[in-house]
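> Given the structure of chain A, go ahead and fit chain B onto it with the hints provided.
Here are the chains, one letter per residue:
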Amino acid sequence: MDRAEAIGRLPTTYAAIISLLDEGVDEPGIAQRLGVDVATIGPLVTVARAKLARLLADGSKPSGS
Amino acid sequence: MGRDEELALARDVLAGASAGIVVSGAPGVGKTRFGDELLAEQAEAGVQVVRMLATRAAATIPLGAAATVFADIPGGLVQTGPVPIVTAEPDAVSLNAAQEAIVQRAAAAPLLVGIDDAHLLDDATAQLVYHLARSGQARLLLTIRRTDAAPAAVEALSSEGLCTRFDLQPLSRDEVHDLLTRALGGQVEQHSAELLWHVSAGNVLFLRELVRDAQERGLLTRHHGAWTWQSPPVLGARLQELLDTRLGQLSDLEREGLALLALGEPLPRSVLVAAAPPDSVDQLIDRGLVTEEPGSPADPTLRLSHPLYAESLRGRLGPLETTDLYGRLADGLLARGLTSSDDKLRLAVWSTTAGRPLDTGVGVAAAREALERGDATLAERLARREYPDPEAALVLGEALTALRRGEEAESVLAPMAAAATDDRSAVAFAVARLAAHRSPKMSLGTARQLAAEAGGRIRRKRDRHLLEAALADTLGYRGRIPEAGELALPLLESSEPKARAMAVGPAAKWLIHAGRSEDAVAVGRRALTDAFARAAETPWAPAVVVGNLGVALLATGRLDELAELCTAIDTPPGARPGRIQGLVALLRGAGTLIGGQPASARGPLREAVLAFERADAIGHRSWALSLLAEAEAMLGQLPAAEQALAAIPSPNSTHVAYDRRRTELLVTAAAGEVGRAARQASELADEARDARSPFFELTSAYTAMRLGASEEARRVAALGASCQGALTAAFAEHAAAFLHDDGDRLDRVATRFHRLGLRLLAAEAAVHASLAYRRAGLSARARAASTRAAMLHTSCEGARTPIVAQGTITADLTRREREVALLAAQGMTSRRIAAKLGVSVRTVDNQLGRVYTKLGVAGRRELAAVVDRLAR
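Protein sequences appear in the order of chains A and B.
If you use the numbering used here, the first sequence corresponds to residues 4 to 68, in order.
If you use the numbering used here, the second sequence corresponds to residues 4 to 875, in order.
So here's chain A without its partners, still in its complex pose:
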């Protein structure tokens, strides 16, 4: 699974966060774009990254194994 496909499989908010991070937007900027409290963005970023990493790791395993 490539990165774009993995991002497409994330819940919408997490996909948006990763895309904004990829564009170089900082956490306050992401909070502003998503319309959420800046205090809540840190944990969302952590979870978004962790979910993406798992999808990429799962996707790189050979099928049928």
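The hints are simulated quantities; they were obtained by calculation from the structure and are not laboratory data.
None of these values were measured; they are calculated from a predicted model.
A portion of the hints provided could be inaccurate.
Claimed, not checked - Derived CB-CB ranges, DEER-like:
(1) T380/B x T15/A: 30 to 40 Å
(2) A56/A x T380/B: 37 to 47 Å
(3) A7/A x G675/B: 44 to 54 Å
(4) A7/A x V50/B: 40 to 50 Å
(5) R751/B x V28/A: 42 to 52 Å
(6) S343/B x A56/A: 31 to 41 Å
(7) D151/B x E30/A: 45 to 55 Å
(8) T15/A x S343/B: 18 to 28 Å
(9) R751/B x T15/A: 52 to 62 Å
(10) P280/B x A56/A: 45 to 55 Å
To be verified - Covered by chain A, according to a simulated footprint, are these stretches of chain B (three or more residues, beta-carbon under 8 Å):
(11) 7-14
(12) 162-173
Cβ coordinates follow ideal geometry from the N, Cα and C atoms, glycine included.
Relative to chain A, chain B alone:
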């Protein structure tokens, strides 16, 4: 639960320096379950967990939520405090007493206070919780509704940085699929899982209710082993009540605005504003019931903020009201102006439902759009409305052909074709009539005649190519493979793109039949880019080309390239499932099955069967069912195999008939009648010979050989030279080595199959090698070949074939000995192997000793070399 990363985050927070975590989220997103799982985990880890119950009732009593916490404290809180705090207004004294009571508990073990729905806390309990966080006397795990106001003290927990606030998100598509698979205890059809994800919007509560309602009404059923959900959702009383609560009190005007959106969503804002009562749209957006999608700021697209709102609102509309609202939507769209074919389709559907007049041109364009989207039933309905307009008749005929009503299609098309006044429409009608002649009830002679007549009247070469391609397609579909192929091959170079795309199917089929699979691959590869580049003009072409290229890759044994093709064209997440998605599943299943993994093949094959049940223009469902039956038969699941076989409709093409008969004989063999099955396979080979198809003659004869008809080996070996591709070459070499009873040569065949990814066939060749060695008195080699067969068969998921069942495979190493041998060959010590397998070191050493003896090796180094050779 599908929240592994969220749980990991919460664990980290609770293990860190902050006072705890506040989990917020929309109602029904799964906060309570998340909190419960975390609290249970913490309790198991030795943390003292105290729960407070925040409810609307408890909120009316100061410290009411906290009352349960003190019930089991010796002496009780009421006695320890100077004021009976459960009945009095709280003051500093009672708060201190309550805090003191909790501190008493914390002395015994670390304390974690869990409060679900903490936004419902009374102010006194909220203050108590705040003090606990501030003083560090207890950790907190609170859940709150994002949409509701929480007491100031609860809000302060996160705003002052005492606690981490985490916003729990709805489940993703994959998480919903996982959850459904676990909850239902078996495979869930991908399309059904996607629909449930879409309808629930990842909300766990709605998902649970949808599943419950569907189960109660028999709308969630197992079909060919996979759970299938029948949409649209039927809302039970409980779910309806939940939705009513979410929608809240609505004014008549707001309800009208929402109902319009429920019938027409997604809608451009301009259309809804034109159709809805004044100001209602802004009010609905302000109330959070309608959302604006980003992307088109000038005229944003509007949707209801949850898909189930539409179901709820639509279910409560009367027929007259529905008609009126559709009429207003049509007016709104006309007022804004039609900007796309999608607009025309919507206008036609809304106007038809509302009984409004419609411009014929718009109606025909809408019918065409519906047909191109694969909805032939809607296309028929819309086209009939405009019939006998000639263009409408054309679309109607094509829709009827897609609905497998060829005779009806011809009765609509023939009179119109006779009245065609120009070449363009004459060609279009002739092509549509030729497609109608795919029906086995129609005469092929008539098809040839009408192609000749139309061709005689047409001036442009490109148009004649189109006619020839349509005739080739119909001939191929009706099983006249060589005639169709010879007609189609030159058309691959036509300057008419539609003719090129239409010719791919009959040309590739014929090339494969004629044993020219590599040429068929080349044809498919060339057409692939062309088909995707011209998908707007010929939306059917990509599926046709992919299907034929996939079959050609299977016929050459290029499983790696087939897997790459499937990955490259797989429907991106979020896209509508369509023919391509069904095809990808079908080709994946076919590749996995031929690779020797019937259990893994079942999943994609079931997906393919279900996908083609929704839309199947060219009979792929029958092929998917044949392969599914074959997979079940290989696994010894006879009832499931027979069920899949019985679901294959009466063959309407030679292909389907061949696939069905091949599967029938494999099921017969699985049922124990191997001799009869072998004879049937030989008969199929004879028929293929008479039909000038060396490929199918070779593959059928090879099947007969595998079923024990050893006399067929000669035919297979001889046909090898007549067929292109590594697959048939390996079959022929297997047969030749088998004829010569040459163990070394058979061993090399096993290697050849293994390199092609054909594990089961490799295992069978290794069994034959072992038998040949035994007959030659070479017992050590026989043992090694037998072990190799066993190891190859280990990855075949228990696939049963007559050769496997000859028993040679299991004669040497036991399953546990094979495991030990593989681990030792990887360099693991006996101690590590023992730990991994949960046995003693002595047992491992004993088993290794037996392995050395059976394989004739002296130690681990030799064992590694043998295993390495066996795996090649």
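> Compare the structure with each hint and give your call.
Quick rundown of the hints versus the structure:
Checking the proposed 30 to 40 Å range against T380/B and T15/A shows it holds: the Cβ atoms sit about 32 Å from each other. Separated by about 45 Å at the C-beta atoms, A56/A and T380/B satisfy the suggested range of 37 to 47 Å. Taking the beta carbon of each, A7/A and G675/B are about 51 Å apart, inside 44 to 54 Å as hinted. For A7/A and V50/B, the Cβ-Cβ distance of about 41 Å falls inside the hinted range of 40 to 50 Å, so the restraint holds.
R751/B and V28/A have their C-beta atoms about 59 Å apart, which leaves the hinted 42 to 52 Å range violated. Between S343/B and A56/A the beta carbons are some 40 Å apart, a value that agrees with the proposed interval 31 to 41 Å. The supplied range of 45 to 55 Å is broken by D151/B and E30/A, whose beta-carbon atoms lie about 26 Å from each other. Restraint check, T15/A to S343/B: a C-beta distance of roughly 25 Å satisfies the suggested window 18 to 28 Å.
The supplied range of 52 to 62 Å is met by R751/B and T15/A, whose beta-carbon atoms lie about 54 Å from each other. For the pair P280/B and A56/A, the supplied restraint of 45 to 55 Å holds, since their beta-carbon distance comes to about 49 Å. Note: the segment 7-14 of chain B has 5 residues with beta-carbon separation from chain A under 8 Å; the three-residue rule is met and the coverage holds. Coverage of the segment 162-173 of chain B by chain A holds. Counting CB-CB distances below 8 Å, 8 residues qualify, and the rule asks for three or more.
Hints 5 and 7 from the earlier list are contradicted by this structure; the remaining hints agree with it.
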